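Put the two chains together into one complex, using the hints given.
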Amino acid sequence: MRKLFPVLAAVTAIVFATTPFLIANAPYESTMLLIQKIFYYHVPSWVAMYCGLGVCAVGSVLYLFKDSRAGDRYAEAAAELIVVFAGNGLISGPLWARKAWGVWWQWDARLTIALLVWLIFVAYLMVRKYGGPGSEKLAAAVGIFGAAVSPFLYFSVTIWRTIHPPTSVVPDIIENPKGMAAPLLVSMLAFVLLFVLLLNLRVRLAERQDALDDLYLTLED
Amino acid sequence: MLRTALLVLRKDLAIEIKTLEIVTTTLFFAVACVLVFSFAFVREGQAPPDAAPAILWIAVAFSGTLALGRTFERERYSETLRALLLAPSPRPALYVGKLLGIIVLLALDEIILVPLIAFLFAAPMFARPLLLTAFLVCGSVAFAAVGTLFAAMLMRSRTRDVLLPILLYPITVPVIICGVRGTAALLSSPADDATATMWLVILFTMDVVFVTLALWTFEPLMSE
Chain A
751 MRKLFPVLAA VTAIVFATTP FLIANAPYES TMLLIQKIFY YHVPSWVAMY
801 CGLGVCAVGS VLYLFKDSRA GDRYAEAAAE LIVVFAGNGL ISGPLWARKA
851 WGVWWQWDAR LTIALLVWLI FVAYLMVRKY GGPGSEKLAA AVGIFGAAVS
901 PFLYFSVTIW RTIHPPTSVV PDIIENPKGM AAPLLVSMLA FVLLFVLLLN
951 LRVRLAERQD ALDDLYLTLE D
Chain B
151 MLRTALLVLR KDLAIEIKTL EIVTTTLFFA VACVLVFSFA FVREGQAPPD
201 AAPAILWIAV AFSGTLALGR TFERERYSET LRALLLAPSP RPALYVGKLL
251 GIIVLLALDE IILVPLIAFL FAAPMFARPL LLTAFLVCGS VAFAAVGTLF
301 AAMLMRSRTR DVLLPILLYP ITVPVIICGV RGTAALLSSP ADDATATMWL
351 VILFTMDVVF VTLALWTFEP LMSE
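Going line by line, the protein sequences match chains A and B. In case it helps, the working numbering puts the first sequence at residues 751 to 971. In case it helps, the working numbering puts the second sequence at residues 151 to 374.
Treat the hints with caution; some may be incorrect.
Unchecked claim - To spell it out: a stretch of chain B is covered by chain A in this simulated footprint if at least three of its residues, at any positions, have a beta carbon under 8 Å from a beta carbon of chain A; those stretches are:
{"id": "1", "segment": "300 to 306"}
{"id": "2", "segment": "312 to 325"}
{"id": "3", "segment": "356 to 368"}
Claimed, not checked - One-sided excerpt, in silico: chain A residues whose CB lies under 10 Å from chain B:
{"id": "4", "residue": "Gly-882"}
{"id": "5", "residue": "Pro-883"}
{"id": "6", "residue": "Ile-894"}
What the hints contain is simulated information worked out from the structure, not anything from laboratory work. These numbers were taken from a predicted model, which means no experiment stands behind them. For glycine and all other residues, C-beta sits at the position ideal for the given N, C-alpha and C.
This is chain B alone, in the form it adopts within the complex (with noise of 0.2 Å):
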């Protein structure tokens, strides 16, 4: 089960690797999301205290569309996630594997995205760096399991690229908000723990969730 999965991850990175693709794309759209917020929200010369999280969270999850709809255009091209899913490997196993895929590109992006913007706003995001580790992976994990399982479904679907950010701003929104607002906690000064806690916890609870159902309705909905 684990191999499967891990071995669908390495077949995905190593078609990235060859030609860095989504990787570039998606980054150069997440820098570009940050300018154009910049733009919006730079008063004076000085950004709302609160902007830059929110900024953060909204270029990783604009830019995560875009990549989950990439990844799996990919797929599309030459049938080869029919040819994955007639493989006699379990279901389940095949969606962990695009699911890390997601999550490594997501990273990646996050790990440019955190320090561009420490650094156009002044926000001291290395305060605390382990919860904010912490909030990135979960809130990735929660966007990318709800992301995956769409994307995957609406391969099949003629109006794919519409209907992905229909369905997944409404339901991550929350995942979006405790990301936005528990950031917004460890960037205060000086850093407020209990808050930024009580999110990280909520955050969790809701990748727990996803994942469950994620994984446990992958299967019935990926048989034709």
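If we strip away everything but chain A, and leave its shape as in the complex, we get (with noise of 0.2 Å):
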């Protein structure tokens, strides 16, 4: 992984960089206009927000069922990306909603409950810093709990009928001939990769940081 770090950086800095130009020549949606460019970057980070719940989900049953200090390291860090995420997808959310809805925010289901994700890994957060001893293996059910809310919050859009356009919004751009499909999939390829590389950074620093208190231990000893 070493090695392949600096490459990986590479191509997402090169992914990054062409979405500008991709997202500039997209044609204009019908209704919404240039507003409905913010798109491009809203949705590809609740794509990155749903890496993240996937990968706390199985680290923390990781670090649950096998004891796996890897699992923890890595839940930890995928916690601290959904956060970083769905703050990103809930700032560029009401600055779209300002001019499509005429609001900042609506209380429609799925982004309430959005907004619920990123309290609970707030308090995912919160919990490993003031938990004191112990409070790994807390976080870890708070991370198995989080991912288990997360389908109601998927599923919610179509429960509840609601302003926020249906999830099906994504297969009808793909579909559509228009020429937004690849600004959308490069725009979600630049921010999947972007999670893959924070996540492998900040797994490494709690490796080194491991490493560094076993050290002390030893000397201690």
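Here it is as structure tokens:
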């Protein structure tokens, strides 16, 4: 992974650098025109958040049942990234909503539960920071429950009838021949690559910290 | 397995009946919640139409948090939970026992709260008694399932009293949404049974998911 890291960083940088050109050349959406282009960064940051949910849940399960330290490190790193990417989604969303719907915030189901997922993972980080000894296990339970709540988040938009565009908008755009698919897919790729990059960076930092702690312990013995 | 759970429940109830400490304090707190929210919502002698179910579920959630904290504080005192964990009994049975204890406390709360809210807000709480009971049971189970697991885990933590609500509310807000919207559908006239049943199904799904997850994770979580 260490040798791959510069390659991954370079690829992420290149993909990210191409997205503004692709987005600038994408056709205008018929009703929202220029405003709609925030979509190309809004949706991918939720995609990256879903990746984080998956990694955090798997890492938490591995830590809890197999006592895997690596699982714990991945879960922690993923939780931090969930807060970052969901934060990005929660900032870009209201910017878009202000122009498209005329309000900054709308209490529809999907927005509400997106906010809740963000809250759950802020709580996860608080537990890790202030929970004292043994808080890693409690945090793992929070990670598993946080992931268990997320299907309710995903399906909520089909169960409740709301103002938020339904999730099927993404397949619609991919089938749409107007040229919106390429920028969206490249943006998604860029965000997922960024997610993987940051995840590995954060895990590496945690590994170094653990190694340092072990060294201090051996020194004291 | 079930015997152990019932023994834990009996122990909790025996301690509680002796002093009635948790029942009376949380119940009074729930009533205080209802009154505080009444003062916040009521305008010109009238509450907005959906206030009654919202106040009911908020009062249940708040007083439930208090009951969870107190119940496990009692176990922490002289380390009785550690003694329970050392006993040669299956861990999930201990969890079920504690969970049943919390559900009994919530049920006692609700038995007083529902008539009180019906009385204060002129809400037709008893129009659909069976459906309302189903909502209260499913909602309490979902709330208590998450709450018991986290409260048990947090016993070891110094900051447990602030971390419990921080963890519990974001995870149980879907439960409260289902409860409030479903109860509101029951209270509308005529009662909207179809909507209520849909919410009940979602609530029941969450019950199944939360209880299964809690039973599954309780054992590794409580081992040191």
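Now the hints, each set against the structure:
1. 300 to 306: holds (count 4)
2. 312 to 325: holds (count 7)
3. 356 to 368: holds (count 5)
4. Gly-882: Hint holds; Gly-882(A) Cβ to chain B Cβ min 5 Å, cut 10 Å.
5. Pro-883: Because about 7 Å separates Pro-883(A) from the closest Cβ in chain B, which is inside the 10 Å limit, the hint holds.
6. Ile-894: At 6 Å from the nearest chain B Cβ, Ile-894(A) passes the 10 Å test, so the hint holds.
The structure meets every hint from the earlier list without exception.
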